[in-house]
Amino acid sequence: MAYASSNRLPVLLRPKNFQWYWNSAVDPWSLAEEWMKYADAENEIIEDAYSQELLQVEIDGDWVINLKHQIQYKKNEKDKQRPIKRVQSENDRSHVHLRETRFSLPITLAATRSTPSIEGSQTADSDTLNHLRSHSYIAGTYFKSELEKTSKVFSDVVEAAAEGIMKEGSLLGKTKEAEWLARQLLTVKHYGNGISADWCHTIPVEIGQMCVYLYTKECFWYKLVNKLLRDISNITIDQLKSIGPFCWLLQQYLEKNKTREIITLYRGCELTDEQRKDYMIKKGTITFTAFTSTSRSREKAEQFGNTLFIFDCMNKYFPRAAHPCGAFSVDIAAISDFPNEEEFLIESKRVFQFMRYDYDFRKKKHLIYLMSLG
Numbered sequence: 122m123a124y125a126s127s128n129r130l131p132v133l134l135r136p137k138n139f140q141w142y143w144n145s146a147v148d149p150w151s152l153a154e155e156w157m158k159y160a161d162a163e164n165e166i167i168e169d170a171y172s173q174e175l176l177q178v179e180i181d182g183d184w185v186i187n188l189k190h191q192i193q194y195k196k197n198e199k200d201k202q203r204p205i206k207r208v209q210s211e212n213d214r215s216h217v218h219l220r221e222t223r224f225s226l227p228i229t230l231a232a233t234r235s236t237p238s239i240e241g242s243q244t245a246d247s248d249t250l251n252h253l254r255s256h257s258y259i260a261g262t263y264f265k266s267e268l269e270k271t272s273k274v275f276s277d278v279v280e281a282a283a284e285g286i287m288k289e290g291s292l293l294g295k296t297k298e299a300e301w302l303a304r305q306l307l308t309v310k311h312y313g314n315g316i317s318a319d320w321c322h323t324i325p326v327e328i329g330q331m332c333v334y335l336y337t338k339e340c341f342w343y344k345l346v347n348k349l350l351r352d353i354s355n356i357t358i359d360q361l362k363s364i365g366p367f368c369w370l371l372q373q374y375l376e377k378n379k380t381r382e383i384i385t386l387y388r389g390c391e392l393t394d395e396q397r398k399d400y401m402i403k404k405g406t407i408t409f410t411a412f413t414s415t416s417r418s419r420e421k422a423e424q425f426g427n428t429l430f431i432f433d434c435m436n437k438y439f440p441r442a443a444h445p446c447g448a449f450s451v452d453i454a455a456i457s458d459f460p461n462e463e464e465f466l467i468e469s470k471r472v473f474q475f476m477r478y479d480y481d482f483r484k485k486k487h488l489i490y491l492m493s494l495g
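122 is the number of the first residue of the sequence shown in the numbering used here; add one for each residue after it.
Treat the hints as calculated values from the structure; they're not laboratory data. Source: prediction; values computed, not measured. You may find that some hints are simply not true.
Unchecked claim - Listed next, with one range per pair, are the computed distances between beta-carbon atoms: (1) K377 with Q173: 34 to 40 Å; (2) D394 with E269: 40 to 46 Å; (3) R351 with E284: 40 to 46 Å; (4) Q209 with T296: 42 to 48 Å; (5) D479 with L152: 18 to 24 Å; (6) D352 with R477: 28 to 34 Å; (7) N355 with T308: 46 to 52 Å; (8) R483 with D352: 57 to 63 Å; (9) A245 with K486: 45 to 51 Å.
To be verified - The calculated DSS-like cross-link candidates involving lysine-lysine, where the alpha carbons are at most 27 Å apart (straight line), are: (10) K297 with K189; (11) K158 with K421; (12) K344 with K403; (13) K199 with K297; (14) K470 with K273; (15) K403 with K470; (16) K377 with K362; (17) K485 with K403; (18) K379 with K273; (19) K362 with K421; (20) K270 with K362; (21) K403 with K288; (22) K265 with K297; (23) K288 with K470; (24) K288 with K379; (25) K310 with K377; (26) K344 with K377; (27) K196 with K158; (28) K137 with K158; (29) K196 with K310; (30) K348 with K201; (31) K470 with K377; (32) K158 with K206; (33) K377 with K273; (34) K158 with K195; (35) K485 with K421; (36) K265 with K206; (37) K196 with K265; (38) K398 with K486; (39) K297 with K310; (40) K137 with K404.
Just so you know, even glycine gets a beta-carbon here, dropped at the ideal spot from N, CA and C.
Whenever a hint applies, use it, and build me the whole structure from the sequences.
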């Protein structure tokens with residue numbers, strides 16, 4: 122999917138050719154330099170301060186970044202300083218290789234058997250969690266419990282998503298990171314004014330793009346959302362209320378903006394023989410519970426693991442299949458900080474059918490072909 126630059130948010134037009142580093146050497150002032158990158162959100166926080174010509178800024182862990190003297194130190198250990206530096210290149214800050222944690226973890230499937238319900242007296246919260254366990258669909262459960270039959274608008278959901286980010290960031294000791302993420306999200310809140318928050322209305326593109334942009338950041342939020350969706354039956358009501366708004370917004374955008382281009386997508390991961398069987402159910406279906414990152418680059422996906430998932434779009438491999446699969450993913454490369462990953466994001470609750478298994482003896486790869494049932 123192409124995005125016209127005139128329609129893109131200011132944060133998406135920001136140059137991506139800068140990276141901040143800190144010297145991690147045992148003796149940070151010796152000639153033996155060991156420069157480490159700051160994480161995505163930290164990098165943005167420092168760059169914001171640098172652009173505003175601030176003298177210093179704080180990041181999580183009680184670290185003070187002194188921009189005037191190009192050093193970092195703990196708030197209570199000012200004498201233990203380390204050099205920092207800003208590197209600006211001609212090209213975008215991007216990864217030649219796919220990020221392993223995003224593109225290679227095993228894909229979580231919805232339970233084929235119903236998950237036990239919460240016992241005891243029935244309350245609104247227990248009903249909500251039972252719905253989540255039964256359907257393995259966080260966006261749907263959040264909508265049913267918080268939005269259905271209400272007068273809420275998209276801006277209300279954006280505010281709830283920002284509050285969820287702040288709450289979970291505080292619990293994880295990532296307050297500064299959470300503040301930056303929430304602040305970016307709230308810059309697009311006004312685009313949702315007066316638009317009913319339901320499945321019938323299209324999410325404002327500015328809100329959707331911002332959710333995708335934040336999801337591509339290597340930060341606590343992306344990791345938390347993925348962790349919880351990979352164990353969806355154990356999500357608590359508080360966690361549902363924290364990540365539910367963001368997941369619903371992201372799901373809304375992915376559902377409304379599927380790429381129609383005829384493509385094949387790939388994801389590599391390490392699986393045991395027993396794990397592989399879970400994806401090879403003949404004449405059955407499998408459902409992904411989490412948002413799933415894939416790449417249109419087979420070469421890059423093959424870097425990971427012993428198994429390569431091949432997602433067939435538009436029946437390229439199976440033209441005579443009984444059910445046309447249609448589009449099932451969104452090209453987010455233009456929004457991502459890492460366009461070279463050629464990332465396509467698959468929405469949650471996407472249903473696939475196992476079509477074929479092969480083994481590539483030359484590359485020593487198990488090949489699992491899946492077709493979306495649309």
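Right, here's what the structure says about each hint:
For K377 and Q173, the hinted distance range of 34 to 40 Å is satisfied, since their beta carbons lie about 35 Å from each other. In this structure, D394 and E269 meet the distance hint of 40 to 46 Å, their C-beta atoms being roughly 43 Å apart. The supplied range of 40 to 46 Å is broken by R351 and E284, whose beta-carbon atoms lie about 23 Å from each other. Q209 and T296 have their C-beta atoms about 28 Å apart, which leaves the hinted 42 to 48 Å range violated.
At roughly 52 Å, the beta-carbon separation of D479 and L152 lies outside the given 18 to 24 Å, and the hint is violated. A C-beta distance of roughly 30 Å is found between D352 and R477, which places it inside the suggested range of 28 to 34 Å. Range check, N355 to T308: Cβ separation about 33 Å, and the 46 to 52 Å hint is violated. For R483 paired with D352, a C-beta distance near 36 Å fails the hint of 57 to 63 Å.
Look at A245 against K486: about 48 Å separates their beta carbons, and that is inside 45 to 51 Å. Restraint check for K297 and K189: satisfied, since their Cα atoms lie roughly 20 Å apart, inside the 27 Å limit. For the hint pairing K158 with K421, the CA-to-CA distance comes to about 22 Å; that is within 27 Å, so the pair holds. Restraint check for K344 and K403: the C-alpha separation of about 32 Å exceeds 27 Å, so the hint is violated.
A distance of roughly 20 Å separates the Cα atoms of K199 and K297; the hinted pair therefore holds under the 27 Å criterion. Simply put, K470 and K273 have alpha-carbon atoms about 24 Å apart, close enough for the 27 Å limit, and the pair holds. This hinted pair checks out: K403 and K470 have alpha carbons roughly 19 Å apart, not beyond 27 Å. Simply put, K377 and K362 have alpha-carbon atoms about 23 Å apart, close enough for the 27 Å limit, and the pair holds.
Between the alpha carbons of K485 and K403 the distance comes to roughly 23 Å, so the proposed pair stays at or under 27 Å and holds. The straight-line distance between the Cα atoms of K379 and K273 is roughly 25 Å, inside the 27 Å bound, and the hint therefore holds. The hinted pair formed by K362 and K421 fails the criterion: a straight-line CA distance of about 36 Å is larger than 27 Å. Simply put, K270 and K362 have alpha-carbon atoms about 17 Å apart, close enough for the 27 Å limit, and the pair holds.
Proposed proximity of K403 and K288 is contradicted: the alpha carbons are some 43 Å apart, above 27 Å. The suggested pairing of K265 with K297 is violated, with an alpha-carbon distance near 32 Å, which exceeds 27 Å. Between the alpha carbons of K288 and K470 the distance comes to roughly 26 Å, so the proposed pair stays at or under 27 Å and holds. The straight-line distance between the Cα atoms of K288 and K379 is roughly 31 Å, outside the 27 Å bound, and the hint therefore fails.
Of the pairs offered as hints, the one joining K310 and K377 holds, with about 19 Å between alpha carbons and a cut-off of 27 Å not exceeded. The hinted pair formed by K344 and K377 meets the criterion: a straight-line CA distance of about 24 Å does not exceed 27 Å. A C-alpha spacing of about 20 Å is found between K196 and K158, which places the hinted pair at or below 27 Å, so the restraint holds. This hinted pair checks out: K137 and K158 have alpha carbons roughly 14 Å apart, not beyond 27 Å.
With a C-alpha separation of about 34 Å, the suggested pair K196 and K310 falls outside the 27 Å cut-off, and the hint is violated. Taking the CA atoms of K348 and K201, the gap is near 35 Å; set against the 27 Å cutoff, the hint is violated. With a CA separation close to 15 Å, the supplied pair K470 and K377 stays within the 27 Å bound. Restraint check: the Cα-Cα separation between K158 and K206 comes to about 10 Å, which is no more than 27 Å; the hinted pair holds.
Taken as a hint, the K377 and K273 pair is honoured in the structure, with Cα atoms around 20 Å apart against an allowance of 27 Å. Between K158 and K195 the alpha-carbon distance is near 18 Å, which keeps this suggested pair within the 27 Å criterion. At most 27 Å may separate the alpha-carbon atoms for a hinted pair to count; K485 and K421 meet this at roughly 16 Å. Among the hinted pairs, K265 with K206 is inconsistent with the structure: their alpha-carbon atoms are about 48 Å apart, more than 27 Å.
Using a Cα cut-off of 27 Å, the hinted pair K196 and K265 is violated, with the two alpha carbons roughly 45 Å apart. Distance check on the hinted pair: K398 and K486 sit about 15 Å apart at the alpha-carbon level, within 27 Å; holds. Taking the CA atoms of K297 and K310, the gap is about 20 Å. The hint holds against a cut of 27 Å. For the suggested pair K137 and K404, the alpha carbons sit about 46 Å apart, so the restraint of at most 27 Å is broken.
The structure shown violates the earlier hints numbered 3, 4, 5, 7, 8, 12, 19, 21, 22, 24, 29, 30, 36, 37 and 40.
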